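J.: Those protein sequence lines, which keep their order, are chains P and B. This note's numbering numbers the first residue of the first sequence as 1358 and each following residue consecutively. This note's numbering numbers the first residue of the second sequence as 501 and each following residue consecutively.
Any given hint could be a false lead.
[As the list claims (entries may be wrong)] 20 Å max Cα-Cα, derived EDC-like pairs, lysine to aspartate or glutamate: (1) Lys1560/P <-> Glu562/B; (2) Lys519/B <-> Glu671/B; (3) Lys554/B <-> Glu607/B; (4) Lys1560/P <-> Glu607/B; (5) Lys519/B <-> Glu689/B.
What the hints contain is simulated information worked out from the structure, not anything from laboratory work. Computed from a predicted structure; not experimentally measured.
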Amino acid sequence: MSDFSTWDILRNLLLAARWTVVLSLVSFIGGGLLGTLLLFMRIGKVSAARAFARYYVELFQGTPLLMQLFLAFFGLGLFGVDVPAWLAAGLALVCWSAAFLMEIWRGCVDAVAKGQWEASASLGMGYLQQMRHIILPQAIRIAVPPTVGFSVQVVKGTALTSIIGFVELSKAGTIVTNATFQPFTVYGFVALIYFALCWPLSKSAQVLERKLNVAHRNH
Amino acid sequence: MAYHFDFSWIPDYSGVILKGLAITVELTVVGGLVGLTLGTFCAWGRALGPNWLKPIVGAYVELIRNTPFMIQLFFIFFGLPSIGVHMNELLAANIAMVINLGAYSAEIIRAGIQATPRGQFEAGASLAMSPIQTFRHVILFPSLQRIWPALSSQVIIVMLGSAVVSQIAAEDLTFASNFIQSRTFRAFEAYLLTTVVYLALAVLLRAAMRGIGVIIFPRRRRA
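Excised from the complex, chain B in its bound form:
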C-alpha cells in the first residue's frame, strides 16, 4: 500500500477539533440530563400515570424508537420551519437528542419501575404517602439503580449517535473532521483521529456514568 499517513495538520487544526469536542460534550451533557429527566417522567406516565396519559407516552416512545435519529433530526431542523417553527442547528440538535434519549430511557426506566415488588407500593401507601410521594421517595431510586447499567449504555449510544448532527451543520466533532478533510484532503487521517477521540469519550463516559451511579445510589439495599 503506497500510502503515506500524514498527521502534520493536527497542530493547525487543534482549535477546530477542540471546539468540535466541546460541542459534542455539550450535546451529550444537556441531552443526557434533560433526556433522562424526560425519560423518567415518561416512564412514570406509562407505568403508573393516569389512563389518558399512557397511550400518549406510548405513541411517543414507539414513534421515536422505530425511526432513525437522523430522520428525527431532519424533521425538526428542515421540516418544522415549514410550519413556522424555526431554530438554529445547535438547538435542533439538542432537542433531537433530548427527544431521542427521552424515549429510549423511558422504556428502560419503565422496566426498572415494573420490576419493583408490589410490597414497596403498599408500604408507601401504608405510611400515608400519596402515590407521587411513594414514587419519588420509595420507588424511583431503587428502580434507577436496577437499570443503571442499561441506562449508561443508552447514554453512550446517544453520544455516539450525535455524530449525525454534523449533517445539519451543527459544529460537533464530526463536523470538525469534515471541515479538516475538506481543507487538507486527508480524509482517512481526519476520520481516524476523530474516531479515536470518540472511543476515548465513550470510555470516559462509561466511567463517568459508573461514578454517578456510585454517588447517587449510596449503598442502597438491592430490592
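The shape of chain P in the complex, shown without the other chains:
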C-alpha cells in the first residue's frame, strides 16, 4: 500500500471537481433552455401545452432525482444502446433543472402586476408584444436572484450522479477513501470543495436579491 499525503488527496479531489463544474454548467444551461420552452407552454394559450407543462413539473418535482437518474440510465438502455453514465446524468439533470427553473420563472411572470397586462392590452399590444416589451423585462429582473439561488441546487444535485457511476467530486471522494482509508479527511475535503463552489453562488443570490428588490419594495 502506498502512502497518500493530504496534498495527494486534495489534488485528486480538485481534479475530479472539474467534472462537477462541467456537469453543473451543462445541466444549468440545458435546464434553462428546456425550462424556457416549458415556461412558454405553461403561460401560453394552448390548454394541452399548459397541461403538459404542469404535469411535467409535478412529475419531476414529485419524484427523487436519484430515481430520475436510475430511470434515465436504465431506460435509455432499453433502446439497446450502451448508455454512458455522463449521458444519463446530463439528461436527467437537464430535465430535473428544467422543471424547477420553469416553476421559479412562472412565479416571476405571475408576480408582474396584473395591471401591466391590462395597461399594455389597452395600448393595443398583442400577446407577443406584451411579453417582449412589458412582462418579460420586469419578470427577468425578479427572476435573477432565485435563479442564481437554484444553481446551488444544481451543483449539489450533481453529487447524485456518482451513484450511477459518473466520476465527479463525490465519486472521487469514495474512490480516494477506498484507497486511503481516511474517510473523515476525504469527505471533509469533499464537503469543503462543494462549499467553495456553492457558497459564492448562495451569497451572490442574497446580494442580488437585496439590490434588485429596490424597485419592487413598494408593492
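Go by the hints and put chain B onto chain P.
T.: Chain B in isolation, oriented as in the chain P frame:
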C-alpha cells in the same frame, strides 16, 4: 422497441417494498418532526438569540445548505467512526435528515419571524412578557403560518432526498428497488414502480402538510 415489460415479480417482493416504504416514512416523520423543531430553535437563535449564538447557527446553516445531502450522510456514516463515533445506518440516516432539514427550515422560519411587524414584539413586552414568552406565544405561530407553504415544500424535498440513504445500506424504498433489480434483473420496472410510489408519497405528504396547517393554525388573523 423490442422490450417486454415484466411486473410479474411484484407479488413476490411486495414485502420488501412495504418494508422499504415503512423506513422511508419513518425517516420522513422523524426527520420532519425533529428537523422542524431544530429549525425553529435555530431560527430563533439567528433572528432573536444572544449575540454569541448567531454566528454559530449561521455557520451551521450555511455549511449544510451549501453541501450535498449525500456528502453529509457519508461524512456522518463513514467519516465519524474514524474519530470514534459509531452508529448504525438507520441512525446515521435519521441524524443526517434532521441536520439537513434543520438548516433549511431554520432559514425559512427565520424569514417568517423577520416578517413579523415590530408592534407584535412591543405589544408582547407591554404585557410584561419576557422575550421568550413573547416569542412562544405571540411571534412563533403567525410566523410559521406565514411560511407554511415553503416549509411544506422543503419537507417534501427532504423526503425525496432520503432516497440517497440507500447508499449507506439503510433499507428504504430505494434500497428495496436496488435489491429487487439485483434479484430479478428488471431494473427499469423496479425503479419505475418505486418512482410511482415516491410520487404518491409526495402527493400524500403535501396533503398531510396542508391538513396539519389547518389544524395548528386555527383561523388566526394574518399579520
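J.: Are the hints correct? Go through all of them and say.
T.: To see whether the hints hold, each was checked on the structure:
{"no.": "1", "hint": "Lys1560/P <-> Glu562/B", "result": "10 Å, holds"}
{"no.": "2", "hint": "Lys519/B <-> Glu671/B", "result": "8 Å, holds"}
{"no.": "3", "hint": "Lys554/B <-> Glu607/B", "result": "13 Å, holds"}
{"no.": "4", "hint": "Lys1560/P <-> Glu607/B", "result": "14 Å, holds"}
{"no.": "5", "hint": "Lys519/B <-> Glu689/B", "result": "18 Å, holds"}
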